[in-house]
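These protein sequence lines are chains A and B, in that order.
The numbering used here applies: residue 395 is where the first sequence begins, and numbers increase by one.
The numbering used here applies: residue 675 is where the second sequence begins, and numbers increase by one.
Derived by calculation from the structure, the hints in this document are not laboratory data.
The reader is advised that the hints may include incorrect statements.
[Said to hold, decoys possible] Covered, in the sense of this in silico footprint (three residues per stretch, anywhere, with C-beta under 8 Å from a C-beta of chain A), are these stretches of chain B: (1) 718 to 725; (2) 769 to 782.
[Stated by the list, open to error] Okay, the calculated beta carbon distance ranges per label pair: (3) B:N695 with A:W578: 30 to 38 Å; (4) B:T756 with A:L508: 28 to 36 Å; (5) A:S622 with B:T761: 50 to 58 Å; (6) A:W578 with B:T761: 33 to 41 Å.
[Stated by the list, open to error] Residues from chain A that keep clear of chain B, each with C-beta distances beyond 10 Å, as calculated: (7) T438; (8) M479; (9) G480; (10) T509; (11) Q605.
Beta carbons are placed, not taken as given, at the ideal position from N, Cα and C, and that holds for glycine.
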Amino acid sequence: MRNIWTIAKREYNLYFISPVAYVVAFLFLTIIALIFAINIMAMTVNQFGFAPPPDSRVVTGPMAFLLLLAAPALTMRLLADEVRMGTMELLLTAPVREYELVVGKWLGAFLFMLTLMAVSLVFPFILNQITDPGIDQMLMMSGYLGVILLTAAFLAIGVGISALFSNQVAAFFTTMVIFVILWWLVGAPANVLPGGSDVFRYLDMSGHFYQSFNEGRITLSGIAYYLSLTALGLLIGTTAIETRRWR
Amino acid sequence: MIEVSNLTKDYGARRAIDGLNFEARQGEITGFLGPNGAGKTTTMRILTGYMPPSDGAATIAGYDVVRDSLEVRRRVGYLPETVPLYTEMTVFDYLKFMADLRRLPEAEDIIEETLEMVGLLDRAGGYIGNLSKGMRQRVGLAQALLHRPEVLILDEPTIGLDPAQIIEVRNLIREIGKERTVLLSTHILSEAQQLCDRILIINKGKIVAEDTPQNLQSNLSGAQRVQLTVRGDTAKLAEKIGKVDGVENVILSGEEQLEFQYAAGKDVRPAIARMVVEANLDLLEMRAIGLSLEEIFLTLTKEAPAESEE
Ligand SMILES: Nc1ncnc2c1ncn2[C@@H]1O[C@H](COP(=O)(O)OP(=O)(O)O)[C@@H](O)[C@H]1O
Ligand SMILES: [Mg+2]
């Protein structure tokens with residue numbers, strides 16, 4: 395456990411001197427801010443209309459989508475770069491277990507994303523101030539829980555893929571492809587197949603978020619789904635590093 | 675204490691090391707001498723738990739390097755050939771990270787002490803990326819020494835350093851080697867001779883000789899390579915020289931040049947000179963040339979010449 399923390403701490407600190415991480419943080423928060431601002435303006439225009447005031451979904455909805463790009467950008471470096479720089483030899487000859495290395499890397503990225511999400515709380519807060527009677531707190535919590543679970547899964551898959559490459563760019567695009575499959579393609583058969591469509595619907599990464607967490611419905615199956623994906627990503631990473639040794 | 679038995683590693687179809695047997699004792703500096711591609715790095719990577727062997731076994735301080743890998747890694751300090759460092763970190767932060775992974779208590783004091791040892795105390799706050807090659811080497815060495823390991827494995831620790839830095843690093847290693855087990859690799863004969871208590875010579879994945887520097891020196895002394903420049907039929911002469919007792923490795927090295935080597939303690943030069951004159955060839959030059967590392971291996975591995983002739 396202590397090794398996981400040591401590695402996570404180094405990664406977390408490294409993000410604050412990494413240009414890629416700054417670009418990710420900047421775009422992530424700016425795009426959310428813009429979408430938020432547009433919604434607020436629409437609300438003021440609509441003041442005397444019948445449209446309901448915006449709720450926290452104007453923040454959590456786009457945030458989930460932005461993770462598709464943010465996560466691979468944050469994880470591509472994590473293990474691939476250790477291989478490229480030769481520092482993997484340092485880590486693998488130190489008394490560190492493979493899973494500690496992988497989980498530590500993941501945790502560093504996760505904490506960084508949590509930091510960005512903590513900053514994003516400013517938008518629901520503003521919304522709460524300017525609307526009457528304020529926002530639906532439960533809806534917001536459920537949405538944020540969904541985003542956090544999504545982040546955990548996305549980052550774990552990214553770390554796992556990063557362990558398979560020594561080239562960051564290759565890791566980035568492979569991770570993107572996997573995300574596209576899990577986000578859009580895997581759920582597609584559910585709409586055309588009459589029988590057995592439940593399986594595909596369950597595997598659809600976006601469905602669990604947009605149809606349940608982001609609508610205020612916290613489901614056990616959704617939590618289990620995201621946590622399983624997280625575990626799977628970390629397992630892939632650990633196995634990849636073990637295999638690298640035996641090659 | 676390092677014990678290696680029948681250690682073998684294949685990279686796909688290529689055998690990098692082939693049935694190595696040796697040991698490195700405490701309080702001694704054991705040198706691993708061999709040319710590039712001999713299998714030095716491969717052996718060290720197996721000993722440090724970076725990768726497992728294909729066959730054979732090795733123990734460090736009694737622990738098997740595969741089965742008890744973590745125990746081994748706790749006891750070994752390793753300076754890889756590439757000196758892997760995080761260039762975006764400061765010297766201190768880097769060492770603190772490594773110390774934390776090794777769970778050293780009072781890491782700050784230990785780091786300070788270690789930096790003092792390698793002479794980098796004034797660079798603690800500097801970024802590794804801004805350091806010279808020699809300083810980086812010393813950061814790597816500091817990393818290997820942090821936990822005061824029983825066993826120190828150093829892969830070509832002086833490669834790429836300037837002469838003054840080489841002397842510094844060698845002195846440091848000699849100091850460290852007094853109470854620890856040190857295994858270091860090099861492809862420089864004189865370095866192995868100056869630094870090591872025992873030398874293992876490795877070539878093409880096999881240990882071809884094992885001796886003290888003194889014995890190695892006496893085995894080598896007298897072994898000479900000679901270059902001969904003559905005018906006339908050099909091919910025929912080469913054939914004749916090859917038949918002389920004690921001569922080996924005759925090659926035609928140029929239009930009018932041939933080279934040969936003779937075994938230690940058997941100076942054949944006068945006989946050869948007479949042979950050239952008797953063959954009615956003009957002897958233009960005869961001079962001794964140094965042995966290359968490759969030729970030293972050949973010399974050391976040649977069986978002592980049979981003494982049945984007399
Ligand atoms: N990762 C690898 N994959 C394939 N072959 C390798 C690898 N590492 C080393 N080799 C080969 O194994 C042999 C021994 O290499 P190495 O142990 O690096 O020798 P040395 O350190 O003595 O120069 C060489 O022929 C080298 O080409
Ligand atoms: Mg080498």
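For each hint, the structure was consulted:
Counting residues of the region 718 to 725 of chain B whose beta carbon lies closer than 8 Å to any beta carbon of chain A gives 5, which reaches the threshold of three, so the coverage claim holds. For a cut-off of 8 Å, the count of residues in the region 769 to 782 of chain B with a CB near a CB of chain A stands at 6, and the three-residue condition holds. Distance hint for N695 of chain B and W578 of chain A: a CB-CB separation of about 59 Å, inconsistent with the stated range 30 to 38 Å. Between T756 of chain B and L508 of chain A the Cβ separation comes to about 35 Å, which falls inside the hinted range of 28 to 36 Å.
The beta-carbon spacing between S622 of chain A and T761 of chain B, approximately 38 Å, falls outside the hinted interval of 50 to 58 Å. At about 39 Å, the beta-carbon gap between W578 of chain A and T761 of chain B stays in the expected band of 33 to 41 Å. The beta carbon of T438 of chain A sits about 46 Å from the closest Cβ of chain B, which is more than 10 Å, so the claim that it is off the interface holds. With a closest Cβ-Cβ approach of about 6 Å to chain B, M479 of chain A is found to fall inside the 10 Å limit, against its non-interface label.
With a closest Cβ-Cβ approach of about 4 Å to chain B, G480 of chain A is found to fall inside the 10 Å limit, against its non-interface label. At roughly 20 Å from the closest C-beta of chain B, the C-beta of T509 of chain A stays outside 10 Å, upholding its exclusion from the interface. No beta-carbon of chain B is positioned within 10 Å of the beta-carbon of Q605 of chain A; the least distance is around 42 Å.
Comparing the model with each numbered hint stated earlier shows that hints 3, 5, 8, 9 do not hold.
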